[in-house]
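Enquirer: Keeping the supplied structure of chain A fixed, place chain B upon it in accordance with the hints.
Chains A and B, in that order, give the protein sequences.
Just so you know, the numbering used here puts 171 at position 171 of the first sequence, and the rest follows in order with no gaps.
Just so you know, the numbering used here puts 277 at position 3 of the second sequence, and the rest follows in order with no gaps.
It is worth saying that the hints were derived from the structure and are not from the lab.
A virtual CB, placed ideally from N, CA and C, is assigned to each residue, including glycine.
Heads up, some of the hints might be wrong.
[Stated by the list, open to error] Think about it this way: if two alpha-carbon atoms lie no more than 20 Å apart in a straight line, the pair counts; the simulated SDA-like pairs of lysine to any residue are:
hint	chain 1	residue 1	chain 2	residue 2
1	B	K400	B	L352
2	B	K345	A	K92
3	B	K297	A	I198
4	B	K391	A	I198
[Stated by the list, open to error] Anything over 12 Å on all C-beta distances counts as not near chain A; from chain B, calculated:
hint	residue
5	D306
6	K321
7	S322
8	A348
9	L352
10	S375
11	K391
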Amino acid sequence: MLAEEYFFRVEKHETYLIVKFSKNPESSDLRQFETQLELISGNHVILDCDSLIEADRDFIRILLKLHLATKKDNKFLKFINVSSSLLTFFKKESLDTTFKIAQDLKDALSEIGVVPKRSISTDFIDSFLQSTIKVLKIQADIDVSHGGFEVTKTQDNGICDISGVIGIICNNFNGSVIISFPEKTFLNVLSKMLGDEIVELSSENMDGAAELANMIFGQAKLTLNEKGFGLKMALPSVILGKPDSFLSLHSGTAILIPFYSNEGHFYMRIGLSA
Amino acid sequence: MFDPKTKVLVVDDMLTMRKIVTKILRELGFIDIAEAQDGNEAWAKAKSGHCGLIISDWNMPNCTGLELLKKIRADKDLSKTPFLLVTAEAEQQQVAEAIKSGVDQYVVKPFSKEGLKTKLESTFKKVSVRNSA
Numbered sequence: 001m002l003a004e005e006y007f008f009r010v011e012k013h014e015t016y017l018i019v020k021f022s023k024n025p026e027s028s029d030l031r032q033f034e035t036q037l038e039l040i041s042g043n044h045v046i047l048d049c050d051s052l053i054e055a056d057r058d059f060i061r062i063l064l065k066l067h068l069a070t071k072k073d074n075k076f077l078k079f080i081n082v083s084s085s086l087l088t089f090f091k092k093e094s095l096d097t098t099f100k101i102a103q104d105l106k107d108a109l110s111e112i113g114v115v116p117k118r119s120i121s122t123d124f125i126d127s128f129l130q131s132t133i134k135v136l137k138i139q140a141d142i143d144v145s146h147g148g149f150e151v152t153k154t155q156d157n158g159i160c161d162i163s164g165v166i167g168i169i170c171n172n173f174n175g176s177v178i179i180s181f182p183e184k185t186f187l188n189v190l191s192k193m194l195g196d197e198i199v200e201l202s203s204e205n206m207d208g209a210a211e212l213a214n215m216i217f218g219q220a221k222l223t224l225n226e227k228g229f230g231l232k233m234a235l236p237s238v239i240l241g242k243p244d245s246f247l248s249l250h251s252g253t254a255i256l257i258p259f260y261s262n263e264g265h266f267y268m269r270i271g272l273s274a
Numbered sequence: 275m276f277d278p279k280t281k282v283l284v285v286d287d288m289l290t291m292r293k294i295v296t297k298i299l300r301e302l303g304f305i306d307i308a309e310a311q312d313g314n315e316a317w318a319k320a321k322s323g324h325c326g327l328i329i330s331d332w333n334m335p336n337c338t339g340l341e342l343l344k345k346i347r348a349d350k351d352l353s354k355t356p357f358l359l360v361t362a363e364a365e366q367q368q369v370a371e372a373i374k375s376g377v378d379q380y381v382v383k384p385f386s387k388e389g390l391k392t393k394l395e396s397t398f399k400k401v402s403v404r405n406s407a
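With the rest of the complex left out, here is chain B:
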């Protein structure tokens, strides 16, 4: 299970997709949700402290989800942040690149509420094991 008090940062250049993810998160009990429209804005928000979990789109202008992931993993304060990538294009090569860069889970669009919930549970479980090691 996951802690609903977790500060979640939803990153997507499409407002509609941010609304969809945010709505599902609220239905799952999360209350502290912030949004960013690209990796640069997300980076600023993460650095200012809103970063218990990042759910980021992959394919965005300016700073992609993968670039954001790499910055987060390279930052000493943020490197352990649970990171979930959302993508419409989950090809093997992409998935391998994301795993190599330290992603905790990825969600393929389209997805249902149940699909996202399963991925979140898996993410928190993985992070819990990683952080206790």
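Next comes chain A alone, as it looks inside the complex:
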């Protein structure tokens, strides 16, 4: 395979540029790069350093010049695919905080604001926590406490026989909230909601799980949209049995929150779409 001849190449996108470096620069490469700075710096710029192993002081001087020019224009300058040797050099020169290094292109684009951020904030989780406590108190007169939350990669949700699921479509990401009950807890909660003893799960009462998810979502949505999350309306549904289908609902990690009450325990799971 032939080695790349050029030092850098510019990919133009509608709202940003990607500058790809293909080798360590010669002094003539740097001079050429410097002549292009004015054209480059009026845009959001992502520097793809995949093929850069090192940088000399002259290169750093030019990068600083680009940094200042983009900053002056209120544009972002992001570094991606920074090698450990290059990062060490940045650190040695105390530039690792000046130069903004993103994890990958997607991360850089989300920081620039070109693509939505895929993250679940503590604000988001807290709204669902508080909403769950409120709904169970008002609708079923049950005092609920939560056991904090943990980030989980497993699909294991404890023992859950019935779950209410509701989709999340908002400015930052798409995903879903799943509230899962062991059968005994669900029947106890439902009995309190209806004021009658419910002794078994049936087609007549299982939609209670969806209704709980709906109410919890509604309360959380109210709080979150005041903070600009832009949650859209969604219809809830029910999953019976151990929800293997969580695999298709949530990609990678999810937030798992256990809740405890005198009527039994249950779980909430908040995750991003697969």
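Expert: Coordinates of chain B only, in the frame set by chain A:
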């Protein structure tokens, strides 16, 4: 106060929520309560005469509570029917839309028996003023 002989139509796609509302209504003294699982079924029941008060969920498949409200308000026989919307998502924009469409009151889920009672009293008071004007 409200007349317990009022024919009430409870509309919700969730059976559990219909049971909760119906139970509270019975505890408040209402005896003639019918149920419908979406706006289309409710419309048919309302047209057949079971319509002294409608308590409808907002977010339903097929025909939403808001669509039902608009149909009721546009119908010459039913336009004055007291209409209470139940919703889990009471954002300002939604509430404004419901008021513009002629809703008498809205209830935010979750709600207690006392909460629903207060909303019903307010609804009947408002309707009484409106119909005597």
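Enquirer: For every hint, state whether the structure bears it out.
Expert: Against the structure, the hints:
1. K400/B with L352/B: Answer holds: K400/B to L352/B is near 16 Å, not above 20 Å.
2. K345/B with K92/A: 71 Å, violated
3. K297/B with I198/A: Holds - the C-alpha atoms of I198/A and K297/B are around 15 Å apart, at most 20 Å.
4. K391/B with I198/A: This hinted pair is violated, its Cα atoms lying about 25 Å apart.
5. D306: 20 Å, holds
6. K321: 26 Å, holds
7. S322: Consistent with the label, S322/B stays out of reach of chain A, its closest Cβ about 25 Å off (over 12 Å).
8. A348: Answer for A348/B: holds, closest chain A Cβ roughly 24 Å.
9. L352: 26 Å, holds
10. S375: 16 Å, holds
11. K391: 14 Å, holds
Of the hints listed earlier, those the structure fails to meet are numbers 2, 4, in rising order.
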